[in-house]
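Engineer: Each protein sequence line maps, in turn, to chains A and B. The first sequence: position 40 = 40 (the numbering used here), numbered continuously. The second sequence: position 37 = 37 (the numbering used here), numbered continuously.
Any given hint could turn out to be false.
Remember, identical chains collapse to one label, so a pair may be satisfied in a single copy or spanning two.
[As the list claims (entries may be wrong)] Simulated crosslink set (DSSO-like; lysine-lysine; CA at most 27 Å straight-line):
no., residue 1, residue 2
1, K69, K24
2, K126, K116
3, K123, K62
4, K116, K62
5, K78, K123
6, K13, K126
Don't read these hints as lab results, they were simulated from the structure.
Protein chains: 2
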Amino acid sequence: MGKNNDCNHDISKAECQQSLNAMKDALYVIGGKWKLPILISLRGGHRRFGELQRSVEGIAAKVLSNELKDMELNGFVKRTVYDTTPVTVEYEATPYSETLHDVIKTLAEWGAMHQKKIRGRLKERKIN
Amino acid sequence: MGKNNDCNHDISKAECQQSLNAMKDALYVIGGKWKLPILISLRGGHRRFGELQRSVEGIAAKVLSNELKDMELNGFVKRTVYDTTPVTVEYEATPYSETLHDVIKTLAEWGAMHQKKIRGRLKERKIN
C-alpha cells in the first residue's frame with residue numbers, strides 16, 4: 001500500500017513513471033479497435049482504400065480514413081497518389097511499422113490465452 | 001497484394017485469422033486509455049476508490065467506476081467490501097492480471113522507443 005509502491009520494487013519511482021508514460025504513449029498511438037488490424041492488413045503490400053476497407057471487417061469508410069491519416073502522421077503508413085485517370089491512391093505499411101512486430105505478437109499470444117480461459121469458464125457453467 | 005497475403009507467408013490463412021482475432025480480443029479487453037494504468041496502480045496492493053482515482057492521473061470518477069466493473073468481469077480486479085461504518089470498499093489486482101506482464105513490458109518498451117524517435121524528429125525541425 002501507499003504511494004511509493006505503485007511500481008515494482010526493483011526500479012526507482014522516476015523510472016517507473018517514465019515506463020508508465022511510455023506505455024500510455026504506446027496505447028495512445030496504437031490503441032483503439034482498428035489501428036493494428038489495419039496495419040496487419042497492409043502487411044501484404046500496397047492497397048487501395050476500397051480493398052483495405054473490405055479486408056478490415058466492419059470498419060466504416062469515415063473511420064478508416066481518419067485512422068489512416070493518424071497512422072500516416074505517426075509514420076506507420078505511406079500514402080501514394082498515382083497520376084492516373086481517375087487518380088489512384090495506395091497505402092502501404094512503412095518499415096517503421098515493423099517495429100510493432102513484438103507488440104502485435106505479444107498481444108496476439110495473450111489474447112489467445114485469454115480466449116481459452118474465457119471458453120473454459122463458459123464450459124464450466126454449462127456443466128454445473 | 002491480393003487477399004491471400006494479409007498475413008505472414010509462413011503461417012496458414014486460418015492460423016493468421018485466429019491470431020488476428022486473438023489480438024482484437026486482447027485490444028478489446030485491455031485497450032483504451034485507462035485499464036493498464038489502473039492495473040499498474042493496483043500492483044502496489046489494495047486500494048480504495050479515492051486513492052486509486054488520485055493515483056491514476058486525470059481519470060474521472062464515473063470512468064474509473066466503469067473501468068473497474070469491466071476489469072472485475074474480466075478477472076483482473078478483485079473488489080472486497082468490508083463491513084465497517086461507513087462501509088469500506090477495496091480493490092486489488094488478481095493473480096490472473098499478472099499474465100499481462102509481458103504485454104505491459106512490450107508496450108512500455110515500444111513506447112519509449114517511439115518517444116525517442118518523435119523527440120529526434122522535433123529536434124531536427126528546430127535545427128533546420
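Engineer: All the hints need checking, so say for each whether the structure fits it.
Structural biologist: The hints, checked one at a time:
| no. | hint | verdict |
| --- | --- | --- |
| 1 | K69 with K24 | both (20 Å within a copy, 21 Å between copies) |
| 2 | K126 with K116 | within (15 Å within a copy, 50 Å between copies) |
| 3 | K123 with K62 | neither (39 Å within a copy, 33 Å between copies) |
| 4 | K116 with K62 | neither (34 Å within a copy, 31 Å between copies) |
| 5 | K78 with K123 | between (45 Å within a copy, 22 Å between copies) |
| 6 | K13 with K126 | neither (46 Å within a copy, 31 Å between copies) |
The structure does not agree with the numbered hints 3, 4, 6 stated previously, though it agrees with the rest.
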